[in-house]
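Chains as they are written, first to last, in our numbering: chain A, 1 to 262; chain B, 1 to 345.
In case anyone wonders, no lab produced these hints; they're calculated from the structure. Treat the hints with care, since some could be wrong.
Taking CB as the label site, the calculated pair distances span [to be verified]: (1) A/His198 with B/Ile212: 55 to 63 angstroms; (2) B/Tyr335 with A/Glu139: 18 to 26 angstroms; (3) B/Tyr222 with A/Arg135: 21 to 29 angstroms.
Yeah, the Cβ is synthetic: ideal placement off N, Cα and C, and Gly gets one too.
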Amino acid sequence: MEVLKVENLEFSYGKRRILNSLNFTVNEGEICGLLGPNGCGKTTLLKCINRILNPESGKIKINGQDTSCLSRNKIAEIIAVVPQELHVVFSFTVLQIILMGGTIRYGLSGIPSKKDYLRAYEILEELDIEHLASRQYNELSGGEKQLILIARALFQNAPIMLLDEPTSHLDFKRQHQIMEVIKKITVSRGITSLITLHDPNIAARYCNRLIMLNRGEIFHQGLRESIFHKKSLESIYDMKIKIERTPSGVNYVFPEPETLPQ
Amino acid sequence: MSFLNLKRFRNKKSLPFIIVILLIAAAIITALTTGHYYISPDQLFKIITAKISGKAPGSDLATPTIVLWSIRLPRVIMALIAGAALAVGGVVFQSIMKNPLVSPSFLGVSHGAVFGASISIIFLSKAAISIEASAFFWAITAVTLAYVIGNRGINTLTTLVIAGVIVSTFFMASASLLKYIADPYDELPAIVFWTMGGLNNVLWIHVIRASIIIGTGIAFIYAFRGKLNLMALGDEEALSMGISVKSLRIRFILFATLIVAAANSSCGIIMWVDLIVAHLARGIVGADHKRLIPFAALTGALFLLVTDTVVRNIPGGEIPISIITSFMGAPLLAYLLTKQNKQWR
Chain A
1 MEVLKVENLE FSYGKRRILN SLNFTVNEGE ICGLLGPNGC GKTTLLKCIN
51 RILNPESGKI KINGQDTSCL SRNKIAEIIA VVPQELHVVF SFTVLQIILM
101 GGTIRYGLSG IPSKKDYLRA YEILEELDIE HLASRQYNEL SGGEKQLILI
151 ARALFQNAPI MLLDEPTSHL DFKRQHQIME VIKKITVSRG ITSLITLHDP
201 NIAARYCNRL IMLNRGEIFH QGLRESIFHK KSLESIYDMK IKIERTPSGV
251 NYVFPEPETL PQ
Chain B
1 MSFLNLKRFR NKKSLPFIIV ILLIAAAIIT ALTTGHYYIS PDQLFKIITA
51 KISGKAPGSD LATPTIVLWS IRLPRVIMAL IAGAALAVGG VVFQSIMKNP
101 LVSPSFLGVS HGAVFGASIS IIFLSKAAIS IEASAFFWAI TAVTLAYVIG
151 NRGINTLTTL VIAGVIVSTF FMASASLLKY IADPYDELPA IVFWTMGGLN
201 NVLWIHVIRA SIIIGTGIAF IYAFRGKLNL MALGDEEALS MGISVKSLRI
251 RFILFATLIV AAANSSCGII MWVDLIVAHL ARGIVGADHK RLIPFAALTG
301 ALFLLVTDTV VRNIPGGEIP ISIITSFMGA PLLAYLLTKQ NKQWR
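Only chain A is shown next, with the shape it has when bound in the complex (with noise of 0.2 angstroms):
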C-alpha cells in the first residue's frame, strides 16, 4: 500500500534550485534509501517532507492527505524524525530525550505521565540500551546517541520514519548495528522509513527500494533489484564502478581505482 507519495516537488534557497520536479512513491513497511553525492539535496528532501521547509511547489501526501494542509502536531503524529546529529546544548538525560518524542500526546503542559516513563523505558528495553537511561545524552558515543534518537522516534510512535544519514558518523561494527536496529523495528512494526545513505553497500544490504538523486534531481527509482547496477551508480556519482558478487549473493561496491582522485 502506497504511504509516501512525492508529486512534482521543487525547492530552492533563494534562486538556488536544490530540488527539482521530484515524482516518487513510497510502500507500506519499506525501507526506501536515498543515495546520491553531497550537496545533492537528500536532506533537503527529508525537511521538505517533515515540513520543516515548506515546498515550492508540488505536493506530498500521506495516504493520500496532502501534509500542506496538516497541523504540526498531526505531521508530529505521522512522522517521526531521526536527524543526523543533534547538538545538546544543556545535559539532558537520555530518559529525558526520549521522553521528548511523545510531546504531542502530553497536553499543554508538556510533562509525561508515569505510563510514559514505563513506554520510554520499555523501548529502552528493546533497544537492548536500558543501562544508558540516567546517562547524560552528551557523554554518549555517537553509535549510542544514534540509538537514543532511534528510541526517540519508536516512542513518538509515528508509522513514517525519516533518517539522515543515520551511519555517517559511525564505525563499520555500529554502521550494521544501527541498520539491523532499523531493519528489525521496520519489520516488527510495520514503520515505513526513507533513509538518506551515503554508502551504496549499505544501502544494497538493508533498503527494499532505492531513490537515486544527483543535482536535485531523480535519476534512478524502484525496487533494488531492478535499479542497484553498474551503470546507475556510475550516473549519480560520476566516477567508475565495479559490483562483485559474493558467494553468499551480496553485491558490492567498489570505485574503480583509475576513477579515484590521484
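Got chain A; can you put chain B on it based on the hints?
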C-alpha cells in the same frame, strides 16, 4: 519495570530543594533581624505572633514593629520575588536561545528599562511610579522591537540575538545621550543610582504590583515547562515533535520579559542574577525545566535576598546592589566555567 526503578529513572532528587528552602528561611530571619536597627529573634517572634493573632504588640515593640512591617518585610519579599523573576527570566532566555550565556538583557530588556527610567527622570517625573511605569514600558518596547527585527531570515535564533544586540546598543546610546543632557546635580545622580539597582525604596504597593505580574509570568512559564525542554533542543527538533515554535517562542519571550521588566522597574538594574543563577541551577538539578524552573526561582530568591542583606549591613552605608551582585557573580561564573570543563549545564 518496578516502581522503585521508575522512581529512580524519574530522577526525583529533592535534597537540593530542601537545602535551598532551609537557606531561604535562615536568610529571611537574618534579613529581618539585622540592619541599622537591630531586632532580636525574640522580638521578631513576638511581633509575628501578635500580627497573626490580631493583637496589638506591646508598647516596647512599637518601633521594631514599624521597622519590620513597613521597611524590612516589603524589602525582603521584593528581594525574594525579584530574585526569582530574574533567575526564571534567565533560564527561559537561555533555553529558547539555546545558549547558556544569554540573559534577558540580550534582547534589550535592561537597556530599554534604563532608557525609560532616564526619560521619566529628565522629562516626566522623578516619582517612583512614573519611573517604574516608564522603565517597564520601554523594556517591553525594546524586546518587541528586537523580536520584530530578528524574526526574519532562515536562522531565526541567530538573527534574533543580533537584533537584540542592535536594539540594546541603540537604547544604550540613547540612555547615554539622556545622561549627557541631564542636570548633573539632580537628574544624573538619580539615573546613575537607579541604573545600579537597589531595594531601599520598596513599599508594599511595589511588592503587590510586582507580585501580580511576576506571579502570573512564572505561573505561565511553569505551565509550559515540558515544551521549554524541546525549545532548548532547537527549532527543528521542536517542530519535528509537533511544537509551533514561533508562537511558543513569542509567548515565552513575552512572559519572561514581563517578569524581568517588573523586577527591573521596581528595583533598578540588578546585574548577573539572571545569568549566574540560571547557570548554577542547571548545574545542580539538570536541564529538565520541570525541576529547573522552581529551583532557579528559589535560588534566585535566595541569591538576591542574601546580596541585599549584605548591601544593607555594609559598614559606612548602603551601596547599590549591582556592585555586590557583580562582585559575587563574576568569580562564581569563572569558577563554574573552569569546573564544568566537559559541558555547559
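Review point. Are B/Tyr222 and A/Arg135 spaced within 21 to 29 angstroms by their CB atoms?
Key: Given range 21 to 29 angstroms: holds, Cβ gap about 27 angstroms.
Check your understanding: Taking the CB of B/Tyr335 and the CB of A/Glu139, does the distance hold inside 18 to 26 angstroms?
Key -> Cβ of B/Tyr335 to Cβ of A/Glu139: about 22 angstroms, so the range 18 to 26 angstroms holds.
Exercise for review: For A/His198 and B/Ile212, compare the CB-CB distance with the range 55 to 63 angstroms and indicate the outcome.
Suggested key: Given range 55 to 63 angstroms: holds, Cβ gap about 57 angstroms.
When held up to the earlier numbered hints, the structure conflicts with none and fits them all.
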